[in-house]
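Residue numbers (the numbering used here), protein chains in the order written: chain E, 1 to 384; chain G, 1 to 131.
Okay, derived cross-link-like pairs now, DSS-like style, lysine-lysine, Cα gap no bigger than 25 Å in a straight line:
#, chain 1, residue 1, chain 2, residue 2
1, E, Lys359, E, Lys271
2, E, Lys196, G, Lys99
3, E, Lys303, G, Lys99
4, E, Lys132, G, Lys53
5, G, Lys53, E, Lys155
Worth flagging that the hints you see were computed from the coordinates, not collected in a lab.
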Amino acid sequence: MRDVAVIGVGMQKWGELWAKSTRDIFVESALLAMDDAGVDTLGAMYVGSMAPGLFADQEHLGSVMADYLGQKLIPSTRVESACASGGLAFRLACMDVASGMHDVVLAGGVEKMTDIGGGDATHALASAADMKWEAVHGVTFPGLYAMMAVAHMAKYGTTREQLAHVAVKNHYNGSMNSRAQFPMKITVEGVINSVKVADPLNILDCSPITDGAAAAIVVPADMVKDFKKAGVKVIGTGHATDTIALHDREDLTTLAAVSASAEQAYKMSGKGPRDLDFVEVHDCFTIAEIIVSESLGLFERGKGGPAAEAGDTGLEGRTPINPSGGLKSKGHPVGATGVAQIVEITEQLRGEAGKRQIKNARVALAQNMGGSGGSSVVHILEVM
Amino acid sequence: MPPARSWRTYPQGYMLEAARCKKCGKTFFPPRLVCNKCQGREFERFNMQRTGKVVTHTVIRTPSDEFSGEAPFAVGVIEMDDGPRLTSQIVDVSFDEVKIGMPVKLEFRRLSSEGDAGIINYGHKAVPART
Numbered sequence: 001m002r003d004v005a006v007i008g009v010g011m012q013k014w015g016e017l018w019a020k021s022t023r024d025i026f027v028e029s030a031l032l033a034m035d036d037a038g039v040d041t042l043g044a045m046y047v048g049s050m051a052p053g054l055f056a057d058q059e060h061l062g063s064v065m066a067d068y069l070g071q072k073l074i075p076s077t078r079v080e081s082a083c084a085s086g087g088l089a090f091r092l093a094c095m096d097v098a099s100g101m102h103d104v105v106l107a108g109g110v111e112k113m114t115d116i117g118g119g120d121a122t123h124a125l126a127s128a129a130d131m132k133w134e135a136v137h138g139v140t141f142p143g144l145y146a147m148m149a150v151a152h153m154a155k156y157g158t159t160r161e162q163l164a165h166v167a168v169k170n171h172y173n174g175s176m177n178s179r180a181q182f183p184m185k186i187t188v189e190g191v192i193n194s195v196k197v198a199d200p201l202n203i204l205d206c207s208p209i210t211d212g213a214a215a216a217i218v219v220p221a222d223m224v225k226d227f228k229k230a231g232v233k234v235i236g237t238g239h240a241t242d243t244i245a246l247h248d249r250e251d252l253t254t255l256a257a258v259s260a261s262a263e264q265a266y267k268m269s270g271k272g273p274r275d276l277d278f279v280e281v282h283d284c285f286t287i288a289e290i291i292v293s294e295s296l297g298l299f300e301r302g303k304g305g306p307a308a309e310a311g312d313t314g315l316e317g318r319t320p321i322n323p324s325g326g327l328k329s330k331g332h333p334v335g336a337t338g339v340a341q342i343v344e345i346t347e348q349l350r351g352e353a354g355k356r357q358i359k360n361a362r363v364a365l366a367q368n369m370g371g372s373g374g375s376s377v378v379h380i381l382e383v384m
Numbered sequence: 001m002p003p004a005r006s007w008r009t010y011p012q013g014y015m016l017e018a019a020r021c022k023k024c025g026k027t028f029f030p031p032r033l034v035c036n037k038c039q040g041r042e043f044e045r046f047n048m049q050r051t052g053k054v055v056t057h058t059v060i061r062t063p064s065d066e067f068s069g070e071a072p073f074a075v076g077v078i079e080m081d082d083g084p085r086l087t088s089q090i091v092d093v094s095f096d097e098v099k100i101g102m103p104v105k106l107e108f109r110r111l112s113s114e115g116d117a118g119i120i121n122y123g124h125k126a127v128p129a130r131t
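Go ahead and model the full structure; you've got the sequences and the hints to work with.
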């Protein structure tokens, strides 16, 4: 297989984009990525999107997006793995290029979530859980992660304050990201006193409902010299699945699919948790960032909460987590999130991240999760 | 909800029908066609005892539209004494009394209804077990 690299990335500001359609926001970000790479035609494209039918009444996004991106007759595939759809689209783009099938492939992600009301959006998101045996009892996505939090707190003594520190840190980072949906700083007290959603999680523990897209251009590593800007090499990829229902997992305080997908990427890249200069992880809820940080091996089991509280995951900490602001501050248009993680890593490794730039960053990991951990996709990228 | 989607799960929803793998003994609720532990394909069906204990729990305060009239309500993961785990509302108890390890019993209750002329969905809700 060929080595592959990212040669261009693009992303517009995320938020409640009332004036724009699903195809508008996708094409805008895709064009930014193509301009960044200096290409105007593609060999193939992969479009991550979780539920465009439920959110925006449109399926068949492979065709829609190739058509509106002006790419006639190319193979274009819509990819779905709930909130990990974007990460999986990027993985398939890498596999496509690595196989030798195509040379210039776009990996994109998009979700237009605000065309429907909050209750309908909650229902659409619940379809990433087990609709028949979980959602039928009224449990929501915040509810599933809240139940993981209760189990984690009981087993390890993780505290309400430690959860809040994750949100405070991610909003601080996001305050320096011009594309973040909620770039305002918040406080621990503010999180703890915010509206209750599913005990112990409050509204400021939860990622928001967002419209947004992101895109990356993947090419063979030995072609990078032909492009105008620096490439970032993809040195590891992993993808794993776990039970669809949270209740079918023996241990509710860890995420086995995260560990399994990370192990694949660590093995392929020859890197381990200690080699990572920073990570972008799937903080759909504050407890998710803590459990993921443990499941990736960044911290021992039960130490993710204390690490967040001690500042070990801040921009200046031992292993910075979510310099972009994460899903929490940047927003979480579910199908786009995994690709946006690749955008942040590419810009950081190129030294283009501005005020939130991590000095001398050379190796970074992205982790994108589907549902309550029913799927996870991990990538490791390195400066070329 | 299409009627078939409701009635085809009556054996599980109403009678807690589960399955035990004949090869390794692992139990599943609802029944499956393949065992995820040993890949066995032969099972014996049985109706679970209605008793179990709380593994973890939460209180849903922001529900989906279907449950908007019912919030706040407690839900949890229940480990049944027969082995399988399942999700259930936990009712007839104050929120601060719900604890990990609490013994519960599943009762037959209404879960949701779809307007005046729609399907009424029945199933299980957990209540504290009297000891």
